[in-house]
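**Student:** The primary structure of each chain is shown beneath.
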Amino acid sequence: MGKYIPNTDAEQKAMLTEIGFSSFEDLFADAPKEVMLKGELNIPSGLSELQVRKDMTKIAEKNVIFPTIFRGAGAYRHFIPSIVKSVITKENFLTSYTPYQAETSQGVLQSIYEYQTMIADITGMDVSNASIYDGASGAAEAVAMCRERKRKKALVSALAHPDTIATIMTYCHGNGMDVEVVPAKDGLTDVEYIKKHIDQGTACVFVQHPNYYGNLEPAREIADITHEAGARYIMSVNPISLGILKSPREYGADIAVGDGQPLGLSIAFGGPYIGFMSCTDELVRRLPGRIVGETHDAKGRVGYVLTLQAREQHIRREKASSNVCSNQALCALAVGVYLSAVGKEGLKEVATLCMSKAHYMAKELEKIGFKPEYKTEFFHEFVTVSDVSSEKALKALEDNGILGGYPLDDKRILWCCTEVNGKCCIDKAVSILKEVK
Amino acid sequence: MLVFEKSRPGRGCTLFPPCDVDVVTPSDKDKRESELHLPELSETEISRHYTELAKKSRGVNDGFYPLGSCTMKYNPKINEDMASLPGFTEIHPLQPEHTVQGCLEVLQTVEKYLCEITGMDRLTVQPAAGAHGEFTGLMLIKAYHESRNDTKRTKIIVPDSAHGTNPASATMAGYSVVSIPSSADGCVDIEKLKAVAGDDIAGLMLTNPNTVGLFDKNILEITKIVHDCGGLNYYDGANLNAVMGVVKPGDMGFDVIHLNIHKTFSTPHGGGGPGCGAVGCKKLLADFMPAVLVEGDAEKKFVKPKHSIGEMKAFYGNFLVVVKALTYIKTLGKEGIPQACKNAVLNANYMMDKLKDIYTMAYDQICMHEFVMSLEDLKRKTGVSAMDIAKALIDNGMHPPTMYFPLIVHEALMVEPTETESKETLDDAIAVFRKLYEQAQKDPEALHMAPVTTPVGRLDEVGAARNPVLRYKWK
Amino acid sequence: MSVQKGLLYSKSHEWVKEEGGEYAVGLTDYAQSALGDLVFVNLPEEGDEVKVGESFSDVESVKAVSDVFSPVSGVVSKINEEVLDSPESINKAPYDAWLIKVKDVSEKEELLTAEEYEAFLKTLD
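Protein sequences, first through last, are from chains A, B and C.
Per full-length UniProt numbering, residue 1 is the first one in the first sequence, and the count goes up by one each step.
Per full-length UniProt numbering, residue 1 is the first one in the second sequence, and the count goes up by one each step.
Per full-length UniProt numbering, residue 1 is the first one in the third sequence, and the count goes up by one each step.
To be clear, the hints were calculated from the coordinates, so they are not data collected in a lab.
For each residue, glycine too, the CB sits at the ideal point set by N, CA and C.
Among these hints, one or two may not hold up.
[As the list claims (entries may be wrong)] The list that follows gives simulated cross-link-like pairs (lysine-lysine, BS3-like), each with its CA atoms no further than 30 Å apart:
1. A:K150 / B:K300
2. C:K92 / B:K152
3. A:K54 / B:K442
4. B:K423 / A:K13
5. B:K152 / A:K85
6. A:K33 / B:K354
7. A:K395 / B:K300
8. A:K319 / C:K5
9. A:K58 / B:K152
10. B:K112 / B:K334
11. B:K300 / B:K283
12. B:K29 / A:K3
[As the list claims (entries may be wrong)] Quick list of simulated restraints, FRET-style, between CB atoms:
13. B:P96 / A:D427: 36 to 44 Å
14. B:L284 / A:D281: 46 to 54 Å
15. A:I19 / C:E116: 51 to 59 Å
16. B:K283 / A:T57: 52 to 60 Å
17. B:D81 / A:D399: 26 to 34 Å
18. A:D199 / C:A93: 23 to 31 Å
19. A:N400 / B:T453: 19 to 27 Å
20. A:T57 / B:E299: 20 to 28 Å
[To be verified] Covered, in the sense of this in silico footprint (three residues per stretch, anywhere, with C-beta under 8 Å from a C-beta of chain B), are these stretches of chain A:
21. 11 to 21
22. 226 to 234
23. 280 to 294
24. 397 to 408
Isolated chain A, as found in the complex (with noise of 0.2 Å):
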């Protein structure tokens, strides 16, 4: 009893005696019995609910707060609306299982259906999966989607987030895909070097957009090149630049991945986040992971299902490219809700202030000595050189309640603005920093 089991002991005990048994020791009978633990799991006991509550309160204020950031690097905090919380908290989705079942799914699938359109929709793709674990992970799925027999090798661009270039290492040494690491020059992926390295064995070209350190890459550019060399082209794109920025279809991106934290997730210490997927319609079928698609009943009824499943690991086993099983469903309810609730202006709108904040920032910090690396055009995020430590910067920042931007080196900081940067928190910051020697 107790402990999320109904039944007390008595009603156990009948329940095992009803059905032969003396003892719950004659259910593991097939257990060899030197396999079987001995005495107790050395964990703590079990506590009340006010206990735990308690317990883990205490954990988590162990960890500091900061009211204001300025740090993004691949996680990135921007204001979520409260129906958010409130749609992705009803218990029907939060505690529903994976829609096999379509005829009493209707509502979560009917979600996955509306996140997949509007995903195809900002990133100007034909169609879209049902979401996958995050960008990292997205983004070497992607690659191992453009394998072909002749063409095994990856061109990734070395300012893609570095846990993206290491996922797709990972699983490139998993499937046999050679990866070559496309270096930087002045803050943008190596144009010539793609040139020179591409060839008939390439399968794709990777490149984030903007890229690591903020700036715009030459998109179409890398996308012409790419594609004369018969190779597909993946684009990860931060979901809200889209609202502003051209869209990966614009720029020629046979595939559109990337994290879709910023669309109503927290940051969280790194998750749950979501990656999200999308590409041209000929290259639906290698798609990994889930996909919805609309139908209908014998009386004609409009439905949903989960299609094109004869791709998927649970029917073709072995022989299936990716084992993509669950996805990140109620992170998916979470963009689409964050995505209804902002609509086609305010996509705009929250792309266009981070935009601004950052360049204001940019611009201030500037005059105090933190001076742009680059002269590239940037989006929501900017590296600064500067002569005074980044450690002393940004323990001053530290101190005042402030996470500055992420230190790249001793003199190099990334920096980050969103709209919830008010330009009074921007004011502060930069006038903290004039202060350190």
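Following the hints, position chains B and C against chain A.
**Tutor:** Below, chains B and C alone, put in the same frame as chain A:
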């Protein structure tokens, strides 16, 4: 109606303040030209839209949900509360270590508890789902053999009853799959295993209890055969609910294991994620672990394993899911963990016992946390298939069991009640199953039509796959 | 289950038809009926080599994927684009819906005549 069809130009929510700095927009070369079609709706409409969708979804709270191999246990509310504490949700993953000591404590404590429960030495929560964990575990095995220059090991043994992810994960890790048939009792065929065990075997993937819900009594011999040929044993922890606190996979001879935190440790499935596929391993694999592990006591810090396989995704995994799991383990404790397991097994055996006089059990013996029925006979005699019964269960207020899995049982229905269901719920479900059996004899036609109480009837899946419509298109 | 006279058959339920040195290969009526409604077909490319007893294609129904094995060894000279576009043609008219044509055939498995295949089908459950 889709959210896009409800959209009206000019509607919206007021979310953002006016820009308080000079407005900057991209130059023409990067400015978006294609139109966005995101919906334009007031909050009232959005809220009602999703409430309507919620009504057309089914969660654990809507009733019995005995989905085999999915462990749809109750999701405690305290878990959700703890995972929404700002001290967890508002923490940036790249904050300095001294400002995230609480997060590190969560990771370290969960590692310690889960290692104790599984008999492993180290554990990472970076993998986001079970399949992701499998891939991680296989990459550990691969790294191990590579570190010993033992490169001729190119094969992974997988029983034919395994979850489909097992062979798919092995392929992703660059292995070829040796599928071995199960013996008549649904367990590993020892002779077949011996026949394939050799110096080309990198390892074996196994779940125990297996996918037909039986504890493989030869487990020690199986893992020894693999070890003796130089391979490693991988434990698919999808069914850990059947043994936690009673048997440790580490004691059964397994070297590496993944857990489905969203099954065994009560975190909600969310309609298909986010989950957590924690991976544990014995010492011999610890140096290859992905991402970072937490070390230290008073001052905790991240440490990169010496010969890490790298990253499986960004950052440290689905952290908030881990917070929920820790809340759960703290609640259950050393007493509650084995109690949960034993009651899961009891509930399954209770249901099986009350159904086996009319439904054919694929394996008529003590089961663990789930059992598999074969409706092959019923179908032959009445035309009523596993699918028909499953759909009729929906009309009777139940979520259907897992259908047509494992593949080695025809017309399979796999029932996993879990420990969080009361005797009354089980009795009700048993009564429904029995009623449907009667109905199958008398009026099979009606069962072919089920479900009739849902917003839509059975959907045309063939049409959906032949002519895929995967998104809404604006006129 | 219909079996068409004049074609040759494999025990893995493919039919073969020779026309001027080229061999057309398709799935039998028995095969399409066992597989159920087909929704997708994967075919090799022209110029690919196929080998006796090896899979050269797979066909998908909603819930299953099945290999199609080549009854001959040779080089793919043509693929049937029509079945790629409408896999249901295999269900509707299996003996018209050839999948590939093979030229330069170097080896054939022991194929059955229509009568022999019919007898073979009777031995199956």
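**Student:** Against the structure, test the hints numbered earlier, and report the numbers of the ones violated in rising order.
**Tutor:** Violated: hints 1, 2, 3, 5, 8, 9, 12, 13, 16, 18, 19 and 22.
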